[in-house]
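Asker: Chains as they are written, first to last, in the numbering used here: chain S, 1 to 189; chain D, 1 to 189.
No wet-lab data here; the hints were simulated from the structure. This structure is a prediction, so every number in the text was calculated from the model and none was measured. Virtual Cβ for every residue (Gly too), placed ideally from N, Cα, C. Please note that the accuracy of each hint is not assured.
Unchecked claim - From chain D, some residues computed to sit far from chain S (all C-beta separations above 10 Å):
#1 M39
#2 M50
#3 A79
#4 D132
#5 P136
#6 E146
#7 Q155
#8 Q165
#9 R178
#10 A180
Stated by the list, open to error - So the derived label-pair ranges between C-beta atoms look like this:
#11 D/P175 x S/G49: 48 to 56 Å
#12 S/A81 x D/A85: 45 to 53 Å
#13 S/E62 x D/E174: 35 to 43 Å
#14 D/T86 x S/V74: 43 to 51 Å
#15 D/S104 x S/Q44: 21 to 29 Å
#16 S/P170 x D/G49: 28 to 36 Å
#17 S/R178 x D/T86: 19 to 27 Å
#18 S/G124 x D/V139: 42 to 50 Å
#19 D/A93 x S/P170: 29 to 37 Å
Claimed, not checked - Here's a subset of chain S near chain D, in silico, CB distances under 7 Å, partners left out:
#20 V69
#21 D158
#22 M159
#23 A162
#24 I166
#25 E174
#26 P175
#27 I176
#28 T179
#29 A180
#30 D182
#31 G183
#32 L184
2 protein chains.
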Amino acid sequence: MPPDPLPPIPRRADAERNRAKILEAVRTAFADPQSEVSMAEISQRAGVGMATLYRNFPGRRELLETLYVDEVDVVCAAAGALPAATSGARFVAWIHDCFSFYNSKRHVGDELLKDSKDNRPLLGGSRARVMDAGRPLLVAAQQSGEIRDDVTLEQILDMVIAIAQIHGEPGYLEPILRTALDGLSDMKA
Amino acid sequence: MPPDPLPPIPRRADAERNRAKILEAVRTAFADPQSEVSMAEISQRAGVGMATLYRNFPGRRELLETLYVDEVDVVCAAAGALPAATSGARFVAWIHDCFSFYNSKRHVGDELLKDSKDNRPLLGGSRARVMDAGRPLLVAAQQSGEIRDDVTLEQILDMVIAIAQIHGEPGYLEPILRTALDGLSDMKA
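Isolated chain S (complex conformation) (with noise of 0.2 Å):
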């Protein structure tokens, strides 16, 4: 999604890679914890010049902002797309989208509340869009009778994000992912 408010404007593709080398910069920052992620720092990694970031992206603020819609996207457009035998399966296959998403965008996440109580919209927002985009997948694997039907979506996803927020590598968290999503599982029922 374009950061305009405007109506989006054709951009050459020259500044369409720029954009993109700054994103693909500001995400590997943020995946690396010796990082800073300053605008300097972003200059660097992206191989663009401190005007062009600029011109792209007025601040640090903007940049995370853009990164955290962005990814956003990628959870909900994955919603549409996921091959899988069933459902259920797909359901699944969504929910640990949203994990990797959580787990890696807390920082993000933490930085864009702490930077300004303005971003609970942005937040919010993106929680209610990832909401709408997994509710069919929810409905269709309750409705097969593949997921429990006593927890509401909003649940499931506030049960990941918990589990997301632990602290631990991916090796320790991945078991503890497991095992809540074979509770999902209405095999039992």
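Position chain D relative to chain S; hints supplied.
Answerer: Same frame as chain S, but now just chain D:
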């Protein structure tokens, strides 16, 4: 556990009663979201004078610490005394106790952490005691094949604590906990 570092001194019955009344007042004050849990309010709720209150507890922080340690004792003692038909049911019942503890005590824990970083050993030590109390229950439940053995007690506790910290009423959290605990059962393995 008495809060004094010295060997326990026999207390007169009324001193014991005052102490119990004070702790009960702190417990109910913390359960009430409108309460400020000030020393004055505790004195009033417990029906003891400020002098008696301060003789027992030099300040609010000592009160909270004692309450916290006291309730950890209860969780630990429960581990050895839960009536249940099987070792799996016993472990799950104990995990419910842990959930209730972490759900009701999260504000006390948060405040102890906020008040002073010195409280990290208290909270860390409490967690270690809870782990020691629960480990034999988990070992028995895993050996009987009732609880899956690809998760450790540390991972199970982290999962339960994460769910206990989700924002919501008990009726909202209960199905989330039930889902996660169903996932612990080894019936599908």
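Asker: Taking C-beta pairs only, is D/Q155 more than 10 Å away from all of chain S?
Answerer: With a cut-off of 10 Å, D/Q155 comes too close to chain S, as the shortest Cβ separation is near 5 Å.
Asker: Classify the hint on S/T179 as holds or violated, based on whether any CB of chain D lies nearer than 7 Å to its CB.
Answerer: 4 Å, holds
Asker: Does S/L184 pass the interface check with chain D, least Cβ-Cβ distance below 7 Å?
Answerer: 6 Å, holds
Asker: Does the Cβ pair S/G124, D/V139 satisfy 42 to 50 Å?
Answerer: 43 Å, holds
Asker: Could one say that the CB atoms of S/R178 and D/T86 fall in the range 19 to 27 Å?
Answerer: 23 Å, holds
Asker: Let me know if the C-beta of S/D182 comes in closer than 7 Å to any C-beta of chain D, holds or violated.
Answerer: 4 Å, holds
Asker: So, as I understand it, the hint says S/D158 touches chain D; can you test that by seeing if any CB pair is closer than 7 Å?
Answerer: 5 Å, holds
Asker: 43 to 51 Å was suggested as the range; check whether the CB atoms of D/T86 and S/V74 agree with it.
Answerer: 45 Å, holds
Asker: Hint says 48 to 56 Å; check whether the CB-CB distance for D/P175 and S/G49 agrees.
Answerer: With Cβ atoms ~53 Å apart, the hint holds.
Asker: S/I166 was flagged as interface toward chain D. Is the shortest Cβ-Cβ separation under 7 Å?
Answerer: It holds, given that the least Cβ distance between S/I166 and chain D is near 5 Å, below 7 Å.
Asker: Would the least Cβ to Cβ distance between D/A180 and chain S come out above 10 Å?
Answerer: D/A180 is in fact no farther than 10 Å from some Cβ atom of chain S, at 5 Å.
Asker: Over 10 Å to the closest beta carbon of chain S is the bar; see if D/A79 clears it.
Answerer: 21 Å, holds
In the structure shown, a violation is registered for the earlier hints numbered 7, 8, 9, 10, 15, 16, 20 and 25, in ascending order.
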